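Chains as they are written, first to last, in my numbering: chain A, 1 to 305; chain B, 1 to 305.
These are calculated hints, taken from the structure and not from any lab test. Mixed in with the good hints, there may be bad ones.
As the list makes no split between identical chains, a pair holds if one copy fits it or if it spans any two.
To be verified - Restricting the straight-line Cα-Cα distance to at most 27 Å, the calculated cross-link-like pairs of lysine-lysine (DSSO-like) are:
(1) 30 to 214
(2) 122 to 30
(3) 114 to 28
(4) 284 to 120
(5) 122 to 284
(6) 30 to 284
(7) 28 to 284
None of these values were measured; they are calculated from a predicted model.
2 protein chains.
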Amino acid sequence: MPRHRLLALALLACCVPVAAIAADEAPKPKSTQELLDASQPSDWRTPDPANLLYMQVPAGRVVIELAPDFAPAHVDNIRTLAREHYWDGLSIYRSQDNFVVQFGDPTEEPAERKPMGSAKEKLPAEFTRASEGLAFDRLPDADGYAPEVGFSNGFPAGRDPASGQAWLAHCYGTLGAGRDVEADSSNGTELYVVDGQSPRQLDRNITVVGRVLKGMELLSVIPRGPEPMGFYEDPAQRTPIVSIALASEVPEAERTALQVLRTDVPLFAQLVEMRRNRNDGWYKVPAGHIDLCNVPVPVRQPPAG
Amino acid sequence: MPRHRLLALALLACCVPVAAIAADEAPKPKSTQELLDASQPSDWRTPDPANLLYMQVPAGRVVIELAPDFAPAHVDNIRTLAREHYWDGLSIYRSQDNFVVQFGDPTEEPAERKPMGSAKEKLPAEFTRASEGLAFDRLPDADGYAPEVGFSNGFPAGRDPASGQAWLAHCYGTLGAGRDVEADSSNGTELYVVDGQSPRQLDRNITVVGRVLKGMELLSVIPRGPEPMGFYEDPAQRTPIVSIALASEVPEAERTALQVLRTDVPLFAQLVEMRRNRNDGWYKVPAGHIDLCNVPVPVRQPPAG
Numbered sequence: 001m002p003r004h005r006l007l008a009l010a011l012l013a014c015c016v017p018v019a020a021i022a023a024d025e026a027p028k029p030k031s032t033q034e035l036l037d038a039s040q041p042s043d044w045r046t047p048d049p050a051n052l053l054y055m056q057v058p059a060g061r062v063v064i065e066l067a068p069d070f071a072p073a074h075v076d077n078i079r080t081l082a083r084e085h086y087w088d089g090l091s092i093y094r095s096q097d098n099f100v101v102q103f104g105d106p107t108e109e110p111a112e113r114k115p116m117g118s119a120k121e122k123l124p125a126e127f128t129r130a131s132e133g134l135a136f137d138r139l140p141d142a143d144g145y146a147p148e149v150g151f152s153n154g155f156p157a158g159r160d161p162a163s164g165q166a167w168l169a170h171c172y173g174t175l176g177a178g179r180d181v182e183a184d185s186s187n188g189t190e191l192y193v194v195d196g197q198s199p200r201q202l203d204r205n206i207t208v209v210g211r212v213l214k215g216m217e218l219l220s221v222i223p224r225g226p227e228p229m230g231f232y233e234d235p236a237q238r239t240p241i242v243s244i245a246l247a248s249e250v251p252e253a254e255r256t257a258l259q260v261l262r263t264d265v266p267l268f269a270q271l272v273e274m275r276r277n278r279n280d281g282w283y284k285v286p287a288g289h290i291d292l293c294n295v296p297v298p299v300r301q302p303p304a305g
Numbered sequence: 001m002p003r004h005r006l007l008a009l010a011l012l013a014c015c016v017p018v019a020a021i022a023a024d025e026a027p028k029p030k031s032t033q034e035l036l037d038a039s040q041p042s043d044w045r046t047p048d049p050a051n052l053l054y055m056q057v058p059a060g061r062v063v064i065e066l067a068p069d070f071a072p073a074h075v076d077n078i079r080t081l082a083r084e085h086y087w088d089g090l091s092i093y094r095s096q097d098n099f100v101v102q103f104g105d106p107t108e109e110p111a112e113r114k115p116m117g118s119a120k121e122k123l124p125a126e127f128t129r130a131s132e133g134l135a136f137d138r139l140p141d142a143d144g145y146a147p148e149v150g151f152s153n154g155f156p157a158g159r160d161p162a163s164g165q166a167w168l169a170h171c172y173g174t175l176g177a178g179r180d181v182e183a184d185s186s187n188g189t190e191l192y193v194v195d196g197q198s199p200r201q202l203d204r205n206i207t208v209v210g211r212v213l214k215g216m217e218l219l220s221v222i223p224r225g226p227e228p229m230g231f232y233e234d235p236a237q238r239t240p241i242v243s244i245a246l247a248s249e250v251p252e253a254e255r256t257a258l259q260v261l262r263t264d265v266p267l268f269a270q271l272v273e274m275r276r277n278r279n280d281g282w283y284k285v286p287a288g289h290i291d292l293c294n295v296p297v298p299v300r301q302p303p304a305g
């Protein structure tokens, strides 16, 4: 079985097309990488450093993009908390398999909690916002959780024409603000990152504040807590947070250079269609559909020069 | 903010209902755990040990249920491979973030690969089967990848009335057989387990052979390989497989006692509805929908006695 192993492995990755079976058949379709390599500079955006968080854990740096268009009050508070080093020395204290990692201050006793400095203790709930005036690159695909789905400046989102509201969706890498029973009980100190099957039932029920652009693989392998809901029995099992800082506060030479593919360009729609209907020779039945949370938004290191 | 921390954390778990706000309001809805505690013995099934694989990795035992109803030839081969200790001493050689771990023999050169003993080198593709005669507990929820979705003896599945075919779905924990370009090129030696966002585009394109019942948290934290598609640069980074054995070949005293909730009982439908429309006080907007791969199938240790 020549090359059996290599191909069996490679093709499962869903991204590497195989050469056409014979040279006289249809021309070989371009791969995702080939399309990205042929992209124009204008297909990419460079996130505003004031919207980027660098979360330093022992394994490396996680880069998060904040979403002030959807959660302005929370993002403002998170910027303040980051500037004042709120999370430095705190920990990831929860890791629940197929769901989330959560971080901040696990202390339950209010008097003993880390002071919030000049950040606000109380924020409004920011579950949804008016869709008017909002960028929304709609997918044609049906969705069970929202009348319409698509991307807003790179963020997966839902939209309801009937209510005129839009909201960020819970996909892999989504960053949200943990809250109590009351809708307005999150203050941005306790944050979670989705690292399991998209928990879309949380959409419109909690404030989403951003998403991870780079470094998810550092969070997704954090050992699951043995307690119900992924808490750790022993505080020593928690993963320390070295620091969380705004990129704009970090010297330019120490920043992570990255660009994100724009979701309002034809290239993005083309890449999504390639994944909706794979034509790489390996797939025998194209899906004819793609779920919102299965759409990747490419991130790259800016090309030299 | 009394109890803020505890609740903010607990509620994100989506499973623990909160007491009604005041005692004179509607009666407190039962929690998932309370419903399970009140279940009848007949609500549960004990998987056939001949359909269970014990995958021993350094961190512990992963229990997998095979699906002979969907992939009889592959399951038969896998049973043979397990009986003959094919995987013992091999490794998990691929871990791609938000996708799969894959294991078996990474050797590419056919002549150098581990011999398959009395297992078959060639198997038919078993991507779909006739839905006639197949148990199928249908969900009412719409799905983008299949005309109908539901569970077949606990396995998430799709069904198409037009073609009369049914197939297993790629959800978190699904076990599939890696293949080459040719549809019938899998032989069951190279297996993958889904540990990311459900890659439903693989449905009907590859043979699904089972799903993990217990121990996913041992696989999902395996460090991601740095190479494209999650391979490791250095073989030393691979995770060794101590052994993979059929439960039926393991002395009874060493077996993992477990039961799986039946998916054809009213209790299962009730639990799904609870997750489709959460009524625990924390959720402000019930989703009114649940995706196939968001439905958990409870597994328990059999009660004493």
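Here is what the structure says about each hint:
1. Within a single copy, residue 30 and residue 214 get their C-alpha atoms as close as 25 Å, which meets the 27 Å cut-off; across copies the closest is 40 Å, which misses it.
2. Neither within a single protomer nor between protomers do residue 122 and residue 30 lie at most 27 Å apart by alpha-carbon distance, with minima of 51 Å and 31 Å respectively.
3. Proximity of residue 114 and residue 28 under a CA criterion of 27 Å is satisfied in neither setting, with 58 Å inside one chain copy and 34 Å between copies.
4. For a Cα distance limit of 27 Å, the shortest separation of residue 284 from residue 120 across copies, 24 Å, qualifies, whereas the shortest one inside one copy, 55 Å, does not.
5. In this homomeric assembly, residue 122 and residue 284 come within 27 Å of each other (Cα to Cα) only across copies, at 19 Å, whereas the closest approach inside a single copy is 53 Å.
6. Proximity of residue 30 to residue 284 under the C-alpha cut-off of 27 Å is restricted to the intra-copy arrangement: shortest distance 18 Å within a copy versus 45 Å between copies.
7. In this assembly of identical chains, residue 28 and residue 284 lie within 27 Å of each other by CA distance solely inside one copy; the values are 16 Å within and 50 Å between copies.
Taken one by one, the earlier hints fail for this structure at numbers 2 and 3, listed in ascending order.
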